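What follows is the residue order along each chain.
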Amino acid sequence: MILAPSVLGFLVLGVVMGLCVGVFPGLGGIAGLSLLLPFMFGMEPLLGLALMVGMVAVVPTSDTFASVLMGIPGSSASQATVLDGFPLAKKGQAARALSAAFSASLFGGILGAAFLTFFILAARPIVLLFQTPELLMVTIFGLSMVGILAGRVAIKGIVAAGLGLLVGTIGEGASAGALRMSTFDTPYLMDGFKLVIVGLAIFAVPEIVALLRQDRAISDRQALGGGWLAGIKSWWQNKWLSVRCSLIGVAVGVIPGLGGSVVDWIAYGHTVQTSKDKSKFGSGDIRGVIGPESSNNAKEGGGLVPTLLFGIPGSGSMAIFISGVALLGTGQIEVGPSMINNNLNFTYAIVWLLAVANVFGTLICILASGGIARLTNIRFALLAPFLFMIISFAAFQSRQSLWDLVALFGIGFLGIMMRRFDWSRPAFLIGFVLAAPAERYTNQAFQIASSRFRQGMEQGLDYVFSPIVIVLIIVTIVSVFFGLRQAKNIQAEGNVNSGGKRAPLIFLLAVTAYIGLAYWNASLIPDFARMDRIFPIFVATVSLVGCAILLIQMRFKPESHPLFADREIEEAEINTYGLWSTLAWFAALLIATSLVGFILALAVFLLLFIRFRAQKSWAFAGIYTAAGIAFICSMAAALNRDFPPGLLQTLVELPWPLT
Amino acid sequence: MRLTKHTIGASSIALATGLVMAGVAQADDNGLDLAGETVEWIIPFSETGGSARWANFYAPLLNEALPGNPTVVVTFMPGAGSTRGANHFQGLEYEDGTTIFGSSGSTQFPYLLDDPRVRYEYGDWNVVLASGTGGVVYLPADLAEELASGGIDAIADENFIYGSQGATRLDLVPLLAWELLGLNVEPVFGIEGRGDGRLMFERGEANIDYQTSSSFLSGVTPLVEAGTAVPWFTFGSLDDQGNIVRDPTFPDLPTFTEVCAAAAACATSGTAYDAWVAFFTAGFPAQKMVFLPAGAPQEAIDTYSAAFEAITQREDFEEISLTRLGVYPQMTGAAAEAALATATVVPDEARTFVIDWLADRYGVVLQ
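Protein chains in written order, with the numbering used here: chain W, 1 to 659; chain E, 1 to 367.
Warning: the hint list may mix true and false statements.
What the hints assert, rightly or not - Calculated cross-link-like contacts (lysine to any residue; reagent style SDA-like; alpha-carbon spacing at most 20 Å): (1) Lys90(W) to Ala210(W); (2) Lys194(W) to Pro78(E); (3) Lys194(W) to Ser46(E).
What the hints contain is simulated information worked out from the structure, not anything from laboratory work. Remember, predicted model here, so these are calculated numbers, not experimental data.
Take the sequences, apply the hints, and build the full model.
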């Protein structure tokens with residue numbers, strides 16, 4: 001049924017559109033699918049499905065380009081890929097890393113589909129076994145990955161995760177609506193930060209700034225010839241790792257409510273734990289690419305289970321997918337509990353369209369990877385303004401407010417400092433991602449368990465300690481135990497030399513101050529909303545204890561201790577430009593945007609940056625600017641998006657895209 | 001920080017004045033032809049909610065029905081329980097008829113409860129469509145059996161768990177209904193959508209739930225057929241005189257009013273019951289509405305009303321809307337205005353009662 005030429009045609013069309021959207025970091029499937037929605041109404045169901053599935057399927061594949069080549073997590077699905085993929089690109093092995101990643105993606109996608117073919121009939125009762133305590137344990141298991149990614153000083157990693165958790169609690173509490181670190185006068189903070197912005201800020205901004213300061217290309221070596229064959233070979237050597245990580249991907253994707261945002265971290269943690277030689281992780285180990293990439297495509301297949309069987313979207317793009325399906329034909333496909341009984345053939349069509357789309361997507365990506373990998377040989381000063389333009393645009397899609405850009409810049413600054421002082425950025429991000437589910441499931445499990453215990457001790461214990469929970473507890477303890485024992489050998493972000501004592505101490509004090517502020521702020525939440533108070537207070541307390549230990553250690557350890565890691569010292573020789581002067585460029589763009597709007601500010605920024613920072617001629621700068629503006633405008637026009645307005649736009653009416 | 005705050009304040013004033021002038025200038029144009037234009041339909045929720053489904057259902061139909069067949073794009077502007085998007089819309093003035101707004105019960109309730117975040121005024125806007133819906137309460141099979149054999153007293157001692165999105169949202173209506181019936185229902189907050197609430201019910205953690213009609217049809221009917229869920233009552237529907245009657249989509253189910261009348265603990269009169277009726281009336285019979293911004297000229301309102309009217313008169317409308325919207329009035333013109341009037345006004349006693357009840361029962365203070 002799905003192999004009819006017209007179906008395949010639409011599938012390829014969807015794949016190509018998905019690749020075009022997915023290549024740009026931060027946009028992902030939501031933007032792409034929204035674009036397709038208007039065409040879905042009344043469309044032949046199978047063709048419409050092919051178009052949409054094609055688009056959804058390739059986003060986790062194509063986002064790998066940004067992750068590996070630029071160190072920018074293209075979407076939440078490939079954050080962990082950055083850790084090893086980007087160092088590989090720096091070493092000139094971008095093509096190898098990419099093709100290994102694509103092979104792993106392809107394999108994960110197909111294995112996921114094959115698994116689902118059998119599992120989908122039996123999935124419903126199994127998924128229903130995952131009650132709130134089980135979901136809480138899965139969340140805690142995800143958090144335990146911090147143990148592996150904590151870096152050389154484990155406590156710093158734990159505090160980083162605590163900071164991430166606290167940043168994740170900013171805004172309206174889920175239980176009683178109490179406000180944390182925000183007020184009714186700061187509506188932006190009330191909704192909390194979005195993952196897109198935090199992910200881009202914590203990984204992309206520091207890398208862009210760091211590379212800019214060195215003023216060279218990402219990779220100073222010529223790409224190795226035939227790199228893509230080497231990548232496939234690397235994948236084949238690690239095929240069993242790929243199998244295991246794909247299964248992890250399917251399993252986590254199947255569980256509703258958790259989404260797939262941690263699956264790549266879990267897969268990365270698993271990869272590290274099961275590898276014998278761990279010394280290269282974080283500085284370019286191909287297994288660190290294969291693991292997460294196998295899981296993130298398999299997850300898309302797994303994510304179909306909650307979406308199709310329960311009508312509960314596992315992600316933002318799946319939510320639009322449901323809307324789209326409802327528009328197809330005469331609306332006879334009903335996503336939800338009746339899907340399997342009434343539309344089994346469509347269910348299978350979706351599963352296998354996903355697999356076929358993966359094949360097409362991967363082939364196109366592998367063919368393109370050699371050429372795209374050459375981007376890493378371009379002088380970075382020419383690439384950076386373009387990248388910054390794209391991530392600003394992507395960040396702005398989060399809430400369409402100027403504050404999106406402020407948040408990107410502010411959290412980006414935090415990311416720069418964490419990178420400098422070797423605080424684990426993955427730990428921070430895992431904390432941020434899991435803050436909401438950890439708090440929600442804790443509160444809900446507590447509330448439901450209390451009610452069960454009121455009925456009787458036995459009901460309560462049965463509810464809290466189900467077999468699944470017990471297994472998950474054991475897995476978590478084992479994982480933490482081995483993780484901590486091995487953490488010293490795993491430098492997820494490479495080795496960092498130590499410098500003086502003063503700068504790391506100031507940063508630690510600033511982090512402590514924020515955590516203290518968060519503690520104080522949460523303690524003000526009145527009793528009737530105590531459910532919103534417990535979680536931030538608990539996290540802040542643990543983090544403060546960690547901070548105290550670090551402060552005491554800093555007092556007594558010598559300057560050479562890893563505690564005082566400082567990249568400024570290490571990179572002093574290769575940095576051509578200062579941190580503040582580089583940051584000033586982006587701060588100027590931000591301020592100019594608030595005054596004259598994004599497009600005008602961007603035009604001036606691009607022109608001046610290329611002329612003065614990159615030291616190109618006015619003519620070159622002019623052409624670059626025109627091309628950049630034309631590109632961003634055509635993309636915004638295609639996606640039907642606006643740009644951030646500034647003060648000027650409130651005074652005079654300007655035509656699009658200046659509005 | 002301070003600079004930006006000032007700029008925002010100054011900007012909205014400047015924007016308002018600038019746009020009023022533009023609005024006046026264009027108000028003389030006769031008729032509205034949107035050929036080549038793009039209509040932006042602002043939905044103050046995320047892509048995942050019921051409002052998204054509702055807007056996605058109407059958007060392509062609107063494209064066909066509006067003169068000039070403009071592209072209709074649904075723009076999602078979630079935040080602060082829809083008050084962010086509504087506040088944004090309040091800041092707009094009619095320009096050329098290419099911006100419309102879709103509100104929901106969750107936009108109405110904070111407005112009625114004097115939520116401090118509300119900076120919008122329904123009276124300024126121009127309604128062109130009002131979509132009604134209903135709600136169905138259902139129970140697990142074992143409790144339904146106890147209810148059937150022993151009446152409501154049989155389940156009065158049960159510890160009910162309900163997955164809720166928040167007591168100040170639409171969930172206020174079922175929570176207050178159960179309270180009036182004397183049930184001991186503990187809401188577990190932090191649910192992200194009614195679908196998650198249904199999943200909690202399916203997992204056996206929640207043992208009472210409600211869904212709006214369209215979600216009940218698609219999500220719960222299979223459970224009813226499988227014998228795991230049993231519908232109990234609907235919230236009912238309003239007739240032309242404003243009386244609560246049986247829900248036309250579920251004529252076999254009793255209404256809450258009938259159940260209440262039969263229960264000893266519950267009275268179909270008095271402040272509490274009147275408050276329930278007031279908030280039901282605000283939240284369900286005109287749950288989702290489409291507005292043109294303040295200052296829209298009559299011909300623009302007429303153009304949009306006619307377009308929605310044409311959609312609801314389509315021959316296949318009943319067929320295509322059945323599973324997406326349920327059998328509920330899709331009101332335009334005077335009917336929509338009447339629906340808006342009943343949906344955005346509650347008597348002061350009802351408001352005071354609910355605000356006090358929220359504070360006493362759930363510790364929710366809206367200030």
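Results for each hint:
1. At most 20 Å may separate the alpha-carbon atoms for a hinted pair to count; Lys90(W) and Ala210(W) meet this at roughly 13 Å.
2. A hinted pair counts as satisfied when its Cα atoms are at most 20 Å apart, and Lys194(W) with Pro78(E) qualifies at roughly 12 Å.
3. Taking the CA atoms of Lys194(W) and Ser46(E), the gap is near 13 Å; set against the 20 Å cutoff, the hint holds.
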